[in-house]
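Chemist: Here is how the chains run, residue by residue.
Number of protein chains: 2
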Amino acid sequence: MSLEKLSSNKAFGGELTKYKFKSAALGGLDANFNLFLPANAAGGKVPVLFYLSGLTCTEDNGAQKGGFMGPAAQEGIALVFPDTSPRGAGVAGEDDDWDFGTGAGFYVNATNPKYARHYNMLTHVTLELPEVIQAAGLPIDFTRQSIFGHSMGGHGALTLYLSSVLSGTKQYRSASAFSPISNPTQCPWGQKAFGGYLQGGVEEAKDKYDATELIARTGGEPLHVLVDYGTGDNFYKQGQLLPENFLKAARDAGYDEVQVRVRSQEGYDHSYYFISTFGADHIHFHANFLKA
Amino acid sequence: MSLEKLSSNKAFGGELTKYKFKSAALGGLDANFNLFLPANAAGGKVPVLFYLSGLTCTEDNGAQKGGFMGPAAQEGIALVFPDTSPRGAGVAGEDDDWDFGTGAGFYVNATNPKYARHYNMLTHVTLELPEVIQAAGLPIDFTRQSIFGHSMGGHGALTLYLSSVLSGTKQYRSASAFSPISNPTQCPWGQKAFGGYLQGGVEEAKDKYDATELIARTGGEPLHVLVDYGTGDNFYKQGQLLPENFLKAARDAGYDEVQVRVRSQEGYDHSYYFISTFGADHIHFHANFLKA
Numbered sequence: 189m190s191l192e193k194l195s196s197n198k199a200f201g202g203e204l205t206k207y208k209f210k211s212a213a214l215g216g217l218d219a220n221f222n223l224f225l226p227a228n229a230a231g232g233k234v235p236v237l238f239y240l241s242g243l244t245c246t247e248d249n250g251a252q253k254g255g256f257m258g259p260a261a262q263e264g265i266a267l268v269f270p271d272t273s274p275r276g277a278g279v280a281g282e283d284d285d286w287d288f289g290t291g292a293g294f295y296v297n298a299t300n301p302k303y304a305r306h307y308n309m310l311t312h313v314t315l316e317l318p319e320v321i322q323a324a325g326l327p328i329d330f331t332r333q334s335i336f337g338h339s340m341g342g343h344g345a346l347t348l349y350l351s352s353v354l355s356g357t358k359q360y361r362s363a364s365a366f367s368p369i370s371n372p373t374q375c376p377w378g379q380k381a382f383g384g385y386l387q388g389g390v391e392e393a394k395d396k397y398d399a400t401e402l403i404a405r406t407g408g409e410p411l412h413v414l415v416d417y418g419t420g421d422n423f424y425k426q427g428q429l430l431p432e433n434f435l436k437a438a439r440d441a442g443y444d445e446v447q448v449r450v451r452s453q454e455g456y457d458h459s460y461y462f463i464s465t466f467g468a469d470h471i472h473f474h475a476n477f478l479k480a
Numbered sequence: 189m190s191l192e193k194l195s196s197n198k199a200f201g202g203e204l205t206k207y208k209f210k211s212a213a214l215g216g217l218d219a220n221f222n223l224f225l226p227a228n229a230a231g232g233k234v235p236v237l238f239y240l241s242g243l244t245c246t247e248d249n250g251a252q253k254g255g256f257m258g259p260a261a262q263e264g265i266a267l268v269f270p271d272t273s274p275r276g277a278g279v280a281g282e283d284d285d286w287d288f289g290t291g292a293g294f295y296v297n298a299t300n301p302k303y304a305r306h307y308n309m310l311t312h313v314t315l316e317l318p319e320v321i322q323a324a325g326l327p328i329d330f331t332r333q334s335i336f337g338h339s340m341g342g343h344g345a346l347t348l349y350l351s352s353v354l355s356g357t358k359q360y361r362s363a364s365a366f367s368p369i370s371n372p373t374q375c376p377w378g379q380k381a382f383g384g385y386l387q388g389g390v391e392e393a394k395d396k397y398d399a400t401e402l403i404a405r406t407g408g409e410p411l412h413v414l415v416d417y418g419t420g421d422n423f424y425k426q427g428q429l430l431p432e433n434f435l436k437a438a439r440d441a442g443y444d445e446v447q448v449r450v451r452s453q454e455g456y457d458h459s460y461y462f463i464s465t466f467g468a469d470h471i472h473f474h475a476n477f478l479k480a
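Top line first, the protein sequences correspond to chains P and R.
Following the numbering used here, the numbering of the first sequence begins with 189 at its first residue and continues without gaps.
Following the numbering used here, the numbering of the second sequence begins with 189 at its first residue and continues without gaps.
Mixed in with the good hints, there may be bad ones.
Note: identical chains are not told apart, hence a pair may lie in one copy or across any two.
[Unchecked claim] Below, in silico cross-link-like pairs of lysine-lysine (DSS-like), each with a Cα-Cα straight-line distance of 25 Å or less:
id, residue 1, residue 2
1, Lys-358, Lys-394
2, Lys-210, Lys-479
3, Lys-193, Lys-425
4, Lys-436, Lys-193
In short, the hints are calculated from the structure, not lab data.
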């Protein structure tokens, strides 16, 4: 699992590096990710924030368009940008749709035998990437991790965070999301993805991969969650995101605005123009916990 | 020349809009540009900063990756992102190379008859875009314009600015550039472009389109110029940019570091990661003059 450096760009006093490695979690396929190290990483290990991207994206979208590196450099926080699915698994039909298969791994571990060898983005993000980064001797302190994401990646960030709270590993100190798919078992994108990747389909997903379902079960455990969505977002209007369901479940579970903050942003859409507008906010939110 | 709105995205409290219109300067072809209006434009006309992009780019690269809109929103400055060439002119060979023809207009008015009908990015940027924006009633104060750009667009920004000083129109209050092609008559990119677009070739360009030549002739007129380039930039290493020639000409002409500042940035390359690192700096530089 040794890392091959594909490219490197100096940015904001630090360095953005693209790596490739043979991913066991993804069935031995090559996997890419980007890592931003701020300048202070030269002096010792730094906290890390994972950014999970949305449907059709790669490890590049967030790095190029998110506007995250400037504030992360200020805060002295590293950023990891994983890809959004395995590439080239060769499963029949995986390239037919933009919202399923390649570019659309939904941050699950597939249990449907057709996908189970390769579509394991959950393990890839939560276990494998920390392992390979640590094994390479890169200056990241994995006792200080947080996670955020956009759309499908917002779903990933919220579910990986809440799952780590429920399981007691508490891998992430905080989670945030831009326009997350907040209740995927109730929307077409999620139903399609879970119906494909999971042997138990939507029912299996309710137990493991739905932020609205999960937050109903974390009661008592302290949470640090920030969500932004735009009222001009067509996917929001089409009922793919359902942030109100997540908000209601959070309040029903006793979480207040400090622990779970969901902000409706007037007129913003689903694009990286929206994300970059609030990117610095999210970085500073996570810094509160990563640097505590 | 009425404007058709192609898309619109809220960003940083303002609005980024992509427009299309039939461009007389470009021989009647459709031309796109992006316009960012900050929130304060709702209350009256705002100053404007033109961003000229580099080889192979369109009106989108700077808007998506430059990191300019956040600081421009803070300063209350509009941004115009033109395309880099006519599109679909149908001139034989215009799509053969990435550094000539489509995507590579070099911000000149072509005098070679083969290109003269369409390749007039100089007029497009300096006259036509202000005209159509003004005619559309958009809240821009064109008595307060500045200009910046990257690589080929840095060449454009410097030459359009210096030409407006030399001609006495003083259309722009300040100019800045990231890794500009600073002495194009002395580098392969410029020689190829001028040899193609201009009947008089490189000699014609020396008179009109070479920042290093032009600054030798502006002596006495006050200038406001900022240039950043990276020492890790492969095009710099290959001698395509030649910022030292521009700097020497500026100093020989009597300009000091306040009037013409050229900064060598250790380890940075030619990418938008470099640009976005110093984007806010450039916006604030121009704000000094646009808001004076």
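Chemist: Next step is simple, just say for each hint if it's right about the structure.
Modeler: Consistency of the hints with the structure:
1. Lys-358 to Lys-394: Within. Shortest intra-copy distance 20 Å satisfies the 25 Å Cα cut-off; inter-copy 65 Å does not.
2. Lys-210 to Lys-479: neither (32 Å within a copy, 54 Å between copies)
3. Lys-193 to Lys-425: between (41 Å within a copy, 22 Å between copies)
4. Lys-436 to Lys-193: neither (44 Å within a copy, 38 Å between copies)
Checked against the numbered hints listed earlier, the structure breaks hints 2, 4; every other hint is satisfied.
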